[in-house]
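Student: Protein chains in written order, with the UniProt record's numbering: chain A, 1 to 563; chain B, 1 to 240.
Hints should not be assumed to be uniformly reliable.
In silico BS3-like pairs for lysine-lysine, Cα to Cα no more than 25 Å straight-line [to be verified]: (1) 211(B) to 60(A); (2) 72(A) to 211(B); (3) 47(A) to 88(A); (4) 63(A) to 217(B); (5) 88(A) to 72(A); (6) 88(A) to 64(B); (7) 259(A) to 276(A); (8) 503(A) to 488(A); (9) 209(B) to 88(A); (10) 88(A) to 60(A); (11) 63(A) to 209(B); (12) 99(A) to 217(B); (13) 63(A) to 47(A); (14) 60(A) to 209(B); (15) 88(A) to 102(B); (16) 72(A) to 64(B).
These are computed hints drawn from the structure, not numbers from a lab.
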Amino acid sequence: MENKPRHDPNPDSNRPEEPELDLYTIPSYSSWFAWNDIHETERQALKEFFEGSSISRTPKIYKEYRDFIINKYREDPSRRLTFTEIRKSLIGDVTLLHKVFRFLETWGLINFLAPPPPHEGSENDDRVRVENGAPNGVRVVATPNSLRPLSAPVVKGKNSGDGVEESGVKLPPLASYSDVFGDLKRLHCGSCGDNCDSGYYEYKKDNFIVCDKCFKNGNYGEDKSMDDFELKDCHEKSAANGTVWTEAETLLLLDSVLKHGDDWDLVSQNVQTKSKLDCITKLIELPFGESLIDSAKGRGNSSGTSMSMNGIKPVVVPPSEDQENIINEDQGYDGANENKKNGDSENQEPPLKKKRTASTSDADSSLMKQIARISTMVGPQITAAAAEAAAAMLSDEMSCSREIFYGDHIDLTNGSLSPSIYQQERAHNTEESEIKERSNPSDSLAESQETHPKKSDIPLPLRIRAAVATGLGAAAAHAKLLAVQEEKEIEHLVATIIEAQIKKLNSKIKHCEDAELLMEKEYAAIEGLKEYILGERINILRTTYNTGTSKLLELQSQTSNLS
Amino acid sequence: MKSLASASWKAPLKFRMPTAENLIPIRLDIEVDGQRYKDAFTWNPYDPDSEVVMFAKRTVKDLKLAPGFLPQIVQSIQSQLATFRSYEGQDMYVGDKIIPIKLDLQVNHTVIRDQFLWDLNNFDSDPEEFARTLCTDLGIEDPEVGPAVAFAIREQLYEIAIQNVTSARENRISKKGRRAAEHFTPSKASGAALDLMKLFSFRSSVVRKRKEWDYYKPVLDLLSNEEVDALEAKEERSGR
Numbered sequence: 001m002e003n004k005p006r007h008d009p010n011p012d013s014n015r016p017e018e019p020e021l022d023l024y025t026i027p028s029y030s031s032w033f034a035w036n037d038i039h040e041t042e043r044q045a046l047k048e049f050f051e052g053s054s055i056s057r058t059p060k061i062y063k064e065y066r067d068f069i070i071n072k073y074r075e076d077p078s079r080r081l082t083f084t085e086i087r088k089s090l091i092g093d094v095t096l097l098h099k100v101f102r103f104l105e106t107w108g109l110i111n112f113l114a115p116p117p118p119h120e121g122s123e124n125d126d127r128v129r130v131e132n133g134a135p136n137g138v139r140v141v142a143t144p145n146s147l148r149p150l151s152a153p154v155v156k157g158k159n160s161g162d163g164v165e166e167s168g169v170k171l172p173p174l175a176s177y178s179d180v181f182g183d184l185k186r187l188h189c190g191s192c193g194d195n196c197d198s199g200y201y202e203y204k205k206d207n208f209i210v211c212d213k214c215f216k217n218g219n220y221g222e223d224k225s226m227d228d229f230e231l232k233d234c235h236e237k238s239a240a241n242g243t244v245w246t247e248a249e250t251l252l253l254l255d256s257v258l259k260h261g262d263d264w265d266l267v268s269q270n271v272q273t274k275s276k277l278d279c280i281t282k283l284i285e286l287p288f289g290e291s292l293i294d295s296a297k298g299r300g301n302s303s304g305t306s307m308s309m310n311g312i313k314p315v316v317v318p319p320s321e322d323q324e325n326i327i328n329e330d331q332g333y334d335g336a337n338e339n340k341k342n343g344d345s346e347n348q349e350p351p352l353k354k355k356r357t358a359s360t361s362d363a364d365s366s367l368m369k370q371i372a373r374i375s376t377m378v379g380p381q382i383t384a385a386a387a388e389a390a391a392a393m394l395s396d397e398m399s400c401s402r403e404i405f406y407g408d409h410i411d412l413t414n415g416s417l418s419p420s421i422y423q424q425e426r427a428h429n430t431e432e433s434e435i436k437e438r439s440n441p442s443d444s445l446a447e448s449q450e451t452h453p454k455k456s457d458i459p460l461p462l463r464i465r466a467a468v469a470t471g472l473g474a475a476a477a478h479a480k481l482l483a484v485q486e487e488k489e490i491e492h493l494v495a496t497i498i499e500a501q502i503k504k505l506n507s508k509i510k511h512c513e514d515a516e517l518l519m520e521k522e523y524a525a526i527e528g529l530k531e532y533i534l535g536e537r538i539n540i541l542r543t544t545y546n547t548g549t550s551k552l553l554e555l556q557s558q559t560s561n562l563s
Numbered sequence: 001m002k003s004l005a006s007a008s009w010k011a012p013l014k015f016r017m018p019t020a021e022n023l024i025p026i027r028l029d030i031e032v033d034g035q036r037y038k039d040a041f042t043w044n045p046y047d048p049d050s051e052v053v054m055f056a057k058r059t060v061k062d063l064k065l066a067p068g069f070l071p072q073i074v075q076s077i078q079s080q081l082a083t084f085r086s087y088e089g090q091d092m093y094v095g096d097k098i099i100p101i102k103l104d105l106q107v108n109h110t111v112i113r114d115q116f117l118w119d120l121n122n123f124d125s126d127p128e129e130f131a132r133t134l135c136t137d138l139g140i141e142d143p144e145v146g147p148a149v150a151f152a153i154r155e156q157l158y159e160i161a162i163q164n165v166t167s168a169r170e171n172r173i174s175k176k177g178r179r180a181a182e183h184f185t186p187s188k189a190s191g192a193a194l195d196l197m198k199l200f201s202f203r204s205s206v207v208r209k210r211k212e213w214d215y216y217k218p219v220l221d222l223l224s225n226e227e228v229d230a231l232e233a234k235e236e237r238s239g240r
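Turn these sequences into a full structure, and let the hints steer you where they fit.
Tutor: Shown next, in the form of structure tokens:
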């Protein structure tokens, strides 16, 4: 073989350059390649050379082609080797050479490090270039007159189950947040920096806290003695350890929050079994929690940015969290609406943004029109999710929800929305508290009347928007239900038809079998008859024969006698 | 020698284009009322004849030719198709033949001269693909060059194929007594075929000598407008 630098087929890794060798990179899937041999892969791909069918195609010739091409490429690995360059130097059919060339190229043995081929052809007029984003000179904004740009909708693929847990943790540290939940801020140890999940010790003279471990170990900084520290048990223990909230309690909690808003004492009184802080923490954990508080307070600020549409994706929902997620979906609209009110620019739900701006402009158009508009603006996933959620809920408690929903419709325009949604959600919540729910709607209807003046400060478009969204969901769910019913009917009917056909066939078969049986019997009978008749015939013949012979004998004797 | 001969013996095949797709080259050069129409394209011989008329009509309309062109175009195409069909039933004997194909054509502003080898026995060969690769490798932007190259290749293959049929016929006639089909030694066939024995033997290498490299690589020329006009004028003069 010719002298060439030692070839080292390196799979995509960087090795330090050794002075004597030249390293050539080939992909790892081509590590079967060897200079001195022809591998099975090559034999398979280029069968023509190995069949011995022609004098111009032999393994030796193939090897020469291959080696030449690879060496040619390796003279300058950064340059793309073209077929035309090598075919002038090789004797043989160009089609076959091209095949070898392409084989080597696909396996990365040549042109592996070379730049990709230039754009084929010229930029013709008829060539279409696809550009991402809006064309130049066009700015996509939320409404025709506003200047706020619209970002492309981002689809969140998070599991809704996670959303429930995580939402309580992701709250950004806004001032309003700390106002509301000042009691609950997580405490960090001054010396070791850990979260003080367990009990912590507060330094009386100053604002310094030390976690349990540090206190025990004795590292609480200088100039501080043990006596100065006061033990304070962690308030969050209950929440961190996950006190059990039953559905009924959650219901009560939500109810009372809506009623009393920020007044935690009243709320805790209502809920009875849970302390004030328990209520608060539970409420935070529920993704729509803060919005409820805010809506109850009638205040405009909210920190619930994490209340995203994550909850809207109920695709794979573990059954235990089903209820929570259903609440999420419904309340998601509500909460998202609140976000919009803030003018939160880092909102991640642009589709809802669109919803809001359009609705505000046409607050007086009919409900169905708004539904139609919303259905065009809201992304399909959201619609689908809403429909699914609504379908699930409606299938559980159809009649009950309908009453509530339609009953509240009238109130929507001048009543508050939250109670109505809340009622809907409550209605669908648990099966056990069904009776309770039946009584509740009437209660909450009364409540909603009472709380009218209080909640009237929630702007109309928000309510309408949310109402329209739920209306859309319910309509879609209704349609889906009908479709499902129809399908079931069709299936049922088809099944009956098939059954009938089968029965028919069966009876026909049976009939045929009976007929066969009869036939066989008759045949047997006829056979018997035949035999009998045969027997009779034989008898007759015998008797005639006998009589004949006897007569003959008589005659013979007579004649002999005569003679 | 004998064993090699038997190894490369091939049963006679029905006449067809020795390419992956059985398309035949059609060349038109018609002059009516001072208007000259020259064209060259590939045609699928299995298209129904009605296609010919439709194609002619469309061409006349697109190129705004005089209506007198229509019957002439149709007739020309059909006669070429008929020639093809007359060969179709015959046996064609290809053997193991590698022939040199030469390109020397001018398309608009591009002039290509090239030479390469083509295996007639390789029924996977695709002139269009070869033309595409050539244009990409040479960076030719004119989209008309590729099809012209492919057509030139096809035309030459067609010629050779016809020659095969005729010579096969002749051989059969001359050797009426023998039963088995003949094995074409390269020397008997048209002189263009290469001597495979010499080239692909064990001793020789398949890599060409360097000095020959320039003969077998494509030469590309880009003409300016004046040169194009000059060439056209020369052609017309020589044609008349």
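Student: For each hint, tell me whether it holds in the structure or not.
Tutor: Results for each hint:
1. 211(B) to 60(A): holds (23 Å)
2. 72(A) to 211(B): holds (17 Å)
3. 47(A) to 88(A): holds (23 Å)
4. 63(A) to 217(B): holds (22 Å)
5. 88(A) to 72(A): holds (12 Å)
6. 88(A) to 64(B): Outside the cut-off at roughly 42 Å; violated.
7. 259(A) to 276(A): At roughly 15 Å apart (the allowed maximum being 25 Å), residue 276(A) and residue 259(A) satisfy the hint.
8. 503(A) to 488(A): Holds, at about 22 Å.
9. 209(B) to 88(A): holds (10 Å)
10. 88(A) to 60(A): Cα-Cα ~19 Å, so holds.
11. 63(A) to 209(B): holds (17 Å)
12. 99(A) to 217(B): Holds - the C-alpha atoms of residue 217(B) and residue 99(A) are around 18 Å apart, at most 25 Å.
13. 63(A) to 47(A): holds (13 Å)
14. 60(A) to 209(B): Given that 25 Å is the threshold and the Cα spacing comes to 18 Å, the pair holds.
15. 88(A) to 102(B): holds (13 Å)
16. 72(A) to 64(B): Outside the cut-off at roughly 51 Å; violated.
Comparing the model with each earlier hint shows violations of hints 6, 16; every other hint is respected.
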